[in-house]
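Could you put together the complete structure from these sequences and hints?
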Amino acid sequence: MSHLVSIDNVDMRYGGADGTLAVSGLTMRVDKGEFAAVVGPSGCGKSTLMKLVTGLHIPQAGVVIVAGQQVTKPVSIVGMAFQNPTMLPWRTTLENILLPLEIVERHRHRLRANKKEYIEKAENLLEIVGLKGVGSKFPWQLSGGMQQRANLCRALIHEPELLMLDEPFGALDAFTREELWCVIRDLHAAQGVTIVLVTHDLREAVFLADRIFVMSARPGKVVKEHTVPFERPRDLELMYETAFNDMVHVLHGEIAKARVVA
Amino acid sequence: MTMAMQNRAAKPSTKPLMQRINWVRAAPFLYTLGLFVIWELSVIVFALPQTLLPAPTRVFEAIVQYWSPIWKNSLQTLYTTTLGFLIAVVAGLGIGLFIGWSKTIYAGLYPLMIGFNAIPKVALVPILVIWFGIGTVPAVLTAFLISFFPIVVNVATGLATIEPETEDVLRALGARKIDIMLKVGIPRSMPYFFGSLKIAITLAFVGSVVSETVASNYGLGNMMSSAQSQFNVPLVFAGLLMLAIEGIAMYALMAFIEKRMTGWAHRSTMAN
Numbered sequence: 009m010s011h012l013v014s015i016d017n018v019d020m021r022y023g024g025a026d027g028t029l030a031v032s033g034l035t036m037r038v039d040k041g042e043f044a045a046v047v048g049p050s051g052c053g054k055s056t057l058m059k060l061v062t063g064l065h066i067p068q069a070g071v072v073i074v075a076g077q078q079v080t081k082p083v084s085i086v087g088m089a090f091q092n093p094t095m096l097p098w099r100t101t102l103e104n105i106l107l108p109l110e111i112v113e114r115h116r117h118r119l120r121a122n123k124k125e126y127i128e129k130a131e132n133l134l135e136i137v138g139l140k141g142v143g144s145k146f147p148w149q150l151s152g153g154m155q156q157r158a159n160l161c162r163a164l165i166h167e168p169e170l171l172m173l174d175e176p177f178g179a180l181d182a183f184t185r186e187e188l189w190c191v192i193r194d195l196h197a198a199q200g201v202t203i204v205l206v207t208h209d210l211r212e213a214v215f216l217a218d219r220i221f222v223m224s225a226r227p228g229k230v231v232k233e234h235t236v237p238f239e240r241p242r243d244l245e246l247m248y249e250t251a252f253n254d255m256v257h258v259l260h261g262e263i264a265k266a267r268v269v270a
Numbered sequence: 003m004t005m006a007m008q009n010r011a012a013k014p015s016t017k018p019l020m021q022r023i024n025w026v027r028a029a030p031f032l033y034t035l036g037l038f039v040i041w042e043l044s045v046i047v048f049a050l051p052q053t054l055l056p057a058p059t060r061v062f063e064a065i066v067q068y069w070s071p072i073w074k075n076s077l078q079t080l081y082t083t084t085l086g087f088l089i090a091v092v093a094g095l096g097i098g099l100f101i102g103w104s105k106t107i108y109a110g111l112y113p114l115m116i117g118f119n120a121i122p123k124v125a126l127v128p129i130l131v132i133w134f135g136i137g138t139v140p141a142v143l144t145a146f147l148i149s150f151f152p153i154v155v156n157v158a159t160g161l162a163t164i165e166p167e168t169e170d171v172l173r174a175l176g177a178r179k180i181d182i183m184l185k186v187g188i189p190r191s192m193p194y195f196f197g198s199l200k201i202a203i204t205l206a207f208v209g210s211v212v213s214e215t216v217a218s219n220y221g222l223g224n225m226m227s228s229a230q231s232q233f234n235v236p237l238v239f240a241g242l243l244m245l246a247i248e249g250i251a252m253y254a255l256m257a258f259i260e261k262r263m264t265g266w267a268h269r270s271t272m273a274n
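Sequence order for the protein chains is Y and V.
Residues 9 to 270 in my numbering are what the first sequence spells out, letter by letter.
Residues 3 to 274 in my numbering are what the second sequence spells out, letter by letter.
Any given hint might turn out to be false.
What the hints assert, rightly or not - Label-pair restraints from in silico Cβ distances:
no., chain 1, residue 1, chain 2, residue 2, range
1, Y, F238, V, E165, 41 to 47 Å
2, V, K261, Y, Q77, 46 to 52 Å
3, Y, E113, V, S104, 57 to 63 Å
4, V, T34, Y, R118, 55 to 61 Å
Keep in mind that the hints were calculated from the coordinates and are not lab data.
Cβ atoms here follow ideal geometry from the backbone N, Cα and C, with glycine treated the same way.
Dropping the structure here:
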């Protein structure tokens, strides 16, 4: 298996030569088709990691390679979703989901002529995440959980090879969150997309990911890497098994240690 | 709201009259009426001469008596105000988009704009008169100068406050600055823009009337200043009343446009 994302010994400092060092000596690899989770104490540079991989920031030292190419500018093969769904309120949900297609070079010139095909694709995605028929509604007519589902559709509409999720379920209630874990689990299984999930929620990480990276406090680097042994497809019941809880417990201990060191 | 009123009026209701009246809708009229009643009564009670404070009945009398000049001058003021306001809309939108485009331009021009806005516009009228002579042109320009600032600030603010996440999502897809402006920035600043029109139109009246008062032979400002020099105080108040009416009408028009153009920004309060 080839690496889709490979980060080598990366330093990223904000605000000039004596600014904050956000990550230092960061090294990690994510295989194609893999579901990776990144956990760590707050302020460990997880968001910086997002921006490095998507090409929004270029590191001062080290190399970031995505899909075989060194990242020197924004890479459009990535879809992103944040905790804040950032749906545009003047567009319907469907129009929001189609927004990336108006931007990505590969699609923007085809959009007008092939509108129907793209709309079908969007409707299809909406159905997968359980939002069938709400495409014509405005985002503010949807609940928080529904908006986050639509947000996932928007991140996936241009068929990205890599999906970067920055705590996408942070603001949701426990039950909605579990529902969306299943949605993202099924999306990953069905679309074969590579996913990097940045999260604070250790149970979320263990339930969803194949591999978990534990980051240290600022300046962030990967202190530990775990392979999650549980077989797919995983059921929510898994979370009540001893092996699952043991793994969460171990992760919890490591992050607590990483915090103390800081 | 209107629909509900009509429905209720059409149905024969058994409710007593007091409950059938929509008090919220009636309030603006009742309060205005109340103001005139209090005004009239105080003039009577304190026995004020009409050269000091004419009673509203006397003011309405003056409106009827001087209807022809009032009408002509009102139209003139409306014309200069609207023209100045329209120029302010175009220029304000343009400058606002320009300022909001980049953080550097925003930082550089903002203090200049504040400084310019702090200058009392009445002080500019003599300069405008030197450049353009007295009459319509300085009135239009004063209306423009006083009303374009809120438009600029609001449009620029709308552009400058795009959520960083939205920008990140789009930039990661390879969006250029112009894409982000067209897809997010400009639609996003529209509620700010239409909101600012309400402020701008009332300021435009202030500008045009100030200029007409100081340097013009037409308009309500000029009419009031000549009425004042003849101690025709009821006519001065008639002019003020006409200005208030024009101001309310234009404000209502702007509020209506705002609601029509950016309904999504208002409807969001109805979300569950």
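Go ahead and decide if the range 46 to 52 Å is satisfied by the Cβ distance of V:K261 to Y:Q77. holds, 49 Å
Lying within 57 to 63 Å: is that true of the beta-carbon distance Y:E113 to V:S104? Since Y:E113 and V:S104 have Cβ atoms about 24 Å apart, the given range 57 to 63 Å is violated.
Beta-carbon spacing of V:T34 to Y:R118 - inside the hinted bounds 55 to 61 Å or not: Given about 59 Å between the Cβ atoms, the range holds.
Does the beta carbon distance between Y:F238 and V:E165 stay inside 41 to 47 Å, or does it fall outside? violated, 36 Å
Consistency with the previously given hints fails for numbers 1 and 3, ordered from lowest to highest.
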